[in-house]
Amino acid sequence: MDAAPTAPEMIEETERPLARVPLVLNKRNFSWLTGRISGVVENPAPRWWWVAFTITASVATFGLFCLGYQISTGVGTWGLNHPVGWAWDITNFVFWIGIGHAGTLISAILFLLRQKWRTSINRSAEAMTLFAVICAAIFPGVHVGRVWMAWYLAPVPNNWAIWPNFRSPLVWDVFAVSTYFTVSVLFWYTGLIPDLATLRDRATTKIRKFLFGLFACGWRGSNRNWRHYELAYLLLAGLSTPLVLSVHSVVSFDFATSILPTWHTTIFPPYFVAGAIFGGFAMVLTLLIPARAMFKLQDVITPQHIDKMAKIILLTGSFVAYAYTMEFFLAWYSGNSYERFAFWNRVFGPYWWYWWVGMLFCNCLSPQLFWFRWCRRNVYVVYFVCMCVNAGMWFERFIIIVGGLHRDFLPSAWGLFIPTWVDIWTYIGTLGIFTSLFLLFIRFLPMIAMSEVKTAVPEADPHYAAPTGIQSVSPVGKERTR
Amino acid sequence: MKRILQHPPESLTGKRYWRSLGELSDTPEFREWLEREFPTGAAELKGDEWSRRSFLKLMGASMALAGFGLNGCRRPEAHLVPFTKNVEWTIPGKFLYYATAMPRRTGAIPLIATTVDGRPIKLEGNPLHPASGGATDTFVQASILDLYDPSRSQRFVHKGKTSDRAAFNAYIGKLRNAFLTQRGDGLAFLVAETHSPTRERLRTELEKIFPGLRWVVYEPLLSEAQSFATELSFGGNVRLVPKLERADVILALDSDFLDCGQGSLTSVRAFSSRRRVSAAKDSMNRLYVVENRFTITGAMADHRLRCPASQIPAFAYALAGKILAATKDANLGAVIATLKAPAAAATPDDQWLSEAANDLVAKPGASLVLAGPDQPVVVQLIVYGINSALKNLGQTLVLREFPRRPSQNSILTLARDINEGRVKQLFILGGDPVYNAQRGLVEDRATGQPLDWSDLQKKVPEIVRLGYHEDSTSALSQWHVPAAHYLEAWGDTLTADGEYLSIQPMILPLFGGLSEIELLNALLGRPKTEGPELVQETFRATNPPGDFQAAWSRFLHDGFASHVQVQDQSPLFNASAAGPLAKNSWAPPPAPAAESPEIVLVGSYAMDDGRYANNGWLQELPDPITKLTWDNASLISPGFAKKLGVQTGDLVQIAITQKSARLGPIKRELVIAALVSPGHADNSITIPLGYARKMPEFSALPYAGGALKEEPKIAEQGGFNGYLLRTAANPHFIVAGGQGIESVSVRKLGRTYPLSITQEHFSIEGRGLVREATLERYRADNDFAKKMPGEEDLPHRLPSIYVHPPLDAPQQWGMSVDLNVCTGCSACVIACQAENNIPIVGKLQVAHGRAMHWIRIDRYYASRKPFNQDRGDWPEDPEIVHEPMMCQHCENAPCETVCPVNATVHSEDGLNVMAYNRCIGTRYCANNCPFKVRRFNYFDYNQRPVGKKKIAGALSIYEEYFAPLTTKGAPDIRRDGEMHLLRATD
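Sequence lines, in order, name chains V and P. So the first sequence is numbered by our numbering: it starts at 1 and just counts up by one. So the second sequence is numbered by our numbering: it starts at 483 and just counts up by one.
The set of hints was computed from the structure by calculation and includes no laboratory data. None of the values given here were measured: they were computed from a predicted structure. One or more of the hints may lead you astray.
[To be verified] Per label pair, the in silico range of CB-to-CB distance:
1) V:M326 to P:N1374: 23 to 33 Å
2) P:G1354 to V:Y322: 41 to 51 Å
3) P:A1267 to V:F62: 30 to 40 Å
4) P:G1354 to V:L186: 30 to 40 Å
5) P:A1137 to V:F62: 25 to 35 Å
6) V:A57 to P:Q1129: 43 to 53 Å
7) P:E1358 to V:K311: 20 to 30 Å
8) P:A1267 to V:T61: 58 to 68 Å
Beta carbons: idealized from backbone N, C-alpha and C, even for Gly.
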């Protein structure tokens, strides 16, 4: 045990091969955690944040303009045609919904499995989920020809006695996505309450005190508070767990229940869920690797966390690769020439490079690097693979959707999809919305669940004795993140 | 006096019915309650509680409820104005049907017009008359749109300024007096072919007053070669009518007789009557086609030979030789004996020729050889000789007297007269000769320069033009008179077989247009007619039996005069006259080569000769063969394209050098996009005519004297003007060494032009989507279609573990199309558009793949040798199969299950119906449709301001999507790959 009089920046870990690697490095104590994490919210925004936010907000604004233009002028501003009735719109929808999977998986399933390492990443992963679902929800809403009539999708009692068609997977989508979003918001917010109370207690201005106080719901950290909180959290985790699996299964039904070659396949629900977790973890890492560096949170989001997420990417990536292979096998085994042709066309047809680059290289081959520990420990390699997976998962959805549509049964009706600038900028716009919301989130809310991370440090042990001489409370506002 | 409508009094006997017990008891209180608008107390507002304050409160809510400040929630207000006087026969909500006819250059089509509230909305064939039998073609179906064309001529124009009818009448009066003194010297008429007996009658009367007048009929696509040859071989004023239903073997030499625009509906039906096979005992005719490009007829052929159009004479000669050898017919011998055999290089595929000849010879009297009307006189003569040798005359080829006085003049003689200053006053009725007259009609007397019609028009002091559009001919005329649509005027006409039809107006002229006969009547100095007097007079001359009024009513009601009968006659071939003529006109052109290909000019399936240039339905109609919309293109074979290094969409420059005695070679050029067309003859280029017809605005162009440039500016035209290459000597094909042609060359320009083609993929990819078998196989096994390769691909053949719901609804619908007789003519596509008011979307949107046609005619190329289209292979010597594709009204419809809002559902009577108001446009139904026939309005196509040019200059994207059509009917243009617009810089 090191007994230095002040908290050092780096502490030499003694080599203990069989000991568990601590989840928070450098023996950070409660007060350091509180100070560092709250500091991100409380200190003035660093310059890079403003630069980044200006860019992302501009992109988001332009994306919203594109949406407005598309709604006011017509769906024809996108490159859609006959036979390709869905292209980037639904691709983006599935892409974002997929990304929205990692958060709840980390929060709910890993919580139920008592995976303590989730505590460092669950908050931002959940926030990411919400923002991704917001981006996703844009597309089924605006891709319809008459957006102002989109409420027909909802089962609103009406005097015409016409209900949505409950046989249609698009109606299931509406239910699945809205349920998922609602539960995710509740789950995220419930988890935030103790941390909001911390921020309230540390607040120096009246407005902050009021707002954090309002949203902290009068949290006092009492035993009763904690008991109710933990029960609620457990229940929500239990509620969210099936949703993680159901949402993307339902999304996959959009395709699986249709009759098109490459769409009509029973493998889709697990295939989509695996792909969603795959893509979601890649996006979590894409956001957290820069964030941890920018806010000097390397002690909380450690190489061990990255390593574990990389392993999940490797696992789900291999699921996905297996599913891709199985699709080809089933196409051959079915003996259906339309199905066989569709898969041949996927590899050698007009969109051949989408498959070679997107599905084969990005999704199947690049995660295989994570068999090697060195690759999992090297943030640059991890980041590269994550970017590959982000792109690859988008390509995968594009190949499934447009690949299935552009060449189906009658060759006379075959066509191609060429995106317009509105297509491209609507997608980039949602990237802007997503990143803007995430930047706002890390500015105004604790990006790491303080109360939960604290359970993963030695101090959480009731029998823990603090080393003498360490300041227990770091001075508020003194410590800057840069 | 106002009459209050009362319900009939209740009967005092029998059962009584009542609505409520109060009514049954019929107390005075109940009667009062019925009378009162509000229950007692409500109207009077008695009592203390009704203060002014509470009243205002209550009314405030009512006012808000009534829509104060809620204007956004209201629908636009529209007023229904009833007829102040009830129109005879009009019952609101009921259609009225009238018989009429559409005059056409090849013979009119009898029609039934559907009218609603005095407006014609749809045309169908007259089922009572054999010339239609209830059928129509693309042009008939689309002609209803021309009636409502917003850019049709709406005013009288004098020297570029708007004038009126009174001024024109005064002018005609003055003119008449002036020419009466000169006995019509210097007066000339250039008219289009309408086959109107009334027009003929008025012409005769005019010729009585003005003996010097020149009457010229000009139709760019009506060949004079055929009528000339017929006249000479069979005696004047006759027409040969093929009886296709009697022919077992048919050989068509460059003859597209199944194209309704060129041939007639009768021949299509007669031909198809021999193709309907529904039992083993049924037989079929056999069709041989020799042609340079795929035509509708060629697509139906059992055996098709690709042959350049200029080599048809050589083919006909070789065929005649074979048939002469077999039949030893003296007449045929007389025709071909004196002809010199063409060069050996030009002799076609001998095996094919022998087989065809043997087949023809084996069916004497039941075979038929047809030559395309555009082929030179000598080909017509040889073909008559062959038919005579095959004993077909009187059997499959009959003769009909045609009651028309042929004109002694042609546009060439008129051009000569104008050039020599003999024409002082010209009437141009219909047509658009500045656009479509042959180029280089005469040589200028002074300079020797070849003169086009536009130059000649400047040499005539006064021109009166009766035109449907203010086009380039009007721009060079002193007077422009708006023409009435055929649905707006009284008239009469003849069918292709010479039967007499009535034309009655469905509506008053929308823009005060005149018909031809009204104009001629005015020139005769007769009073203006308000009704059918002119036609009635002609009808009277046919001596209708019985009461005249009754006969006239019958004539209008039926649409034709059954007492005017034209009898079939057996033709007598005058070989002694044909022989010397054949010898004189025998000049078989040398075979075209890759360095000097032949150019073949043909009518377009959509634009005809250019008269439908402003018809959006036809502009957007995919060509039955090439599936090209909004444009024409030079069609070339894949092999020739490879030699030229040209792909579809590349611009090529076609240059023709003509010999001229005085000036040296004259060059004519045309820049045109190429379209690679499988099945086209090598070293041959086909250019459909009728595109790039200009409709200049009068303000922009001088009415006379100004230069009317015809340089093809790609940006401002829809398609390319093939007429620029067309001369009187070479109206059909142009080949080096032919009539006065020194050289023909084609050059790739290195630029591209966007073509909007609705079906890019022509390979059926080995799928069993179309199943064909020979008649023998069908007789052996009439269930063959289910045993074809490809059948095992169908999913329902695979064993399924899912129990499918039984498809046993009491009412199920199916629509079958007999692919054996479908020619792919696309009349159904336009008919569906007319019936359902389907919007056109413009060239750019078609290029985007957003055409809205509810019926599309899928065209696949079939080849004995498999080919891979994705790898760039082209089929060799392909056949064409047409497969019309439309909603199949699936009993277990995939579109219905996926619609999230129940907008597309199955109706109780088994139809697959669509509730537009419920549709929110997820397009899921379209994605899940295996036939890909669901259509989606990617924009508000019906509300787009057609014809508006610039909306927002800064936002060109706005313009792109909101105004893809210009007043010319010419589309916007997409630059290769990119969605940029090239717009005319005015």
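- Any of the earlier hints contradicted here, and which numbers? Hints 2, 3, 4, 5 and 7 contradicted; others consistent.
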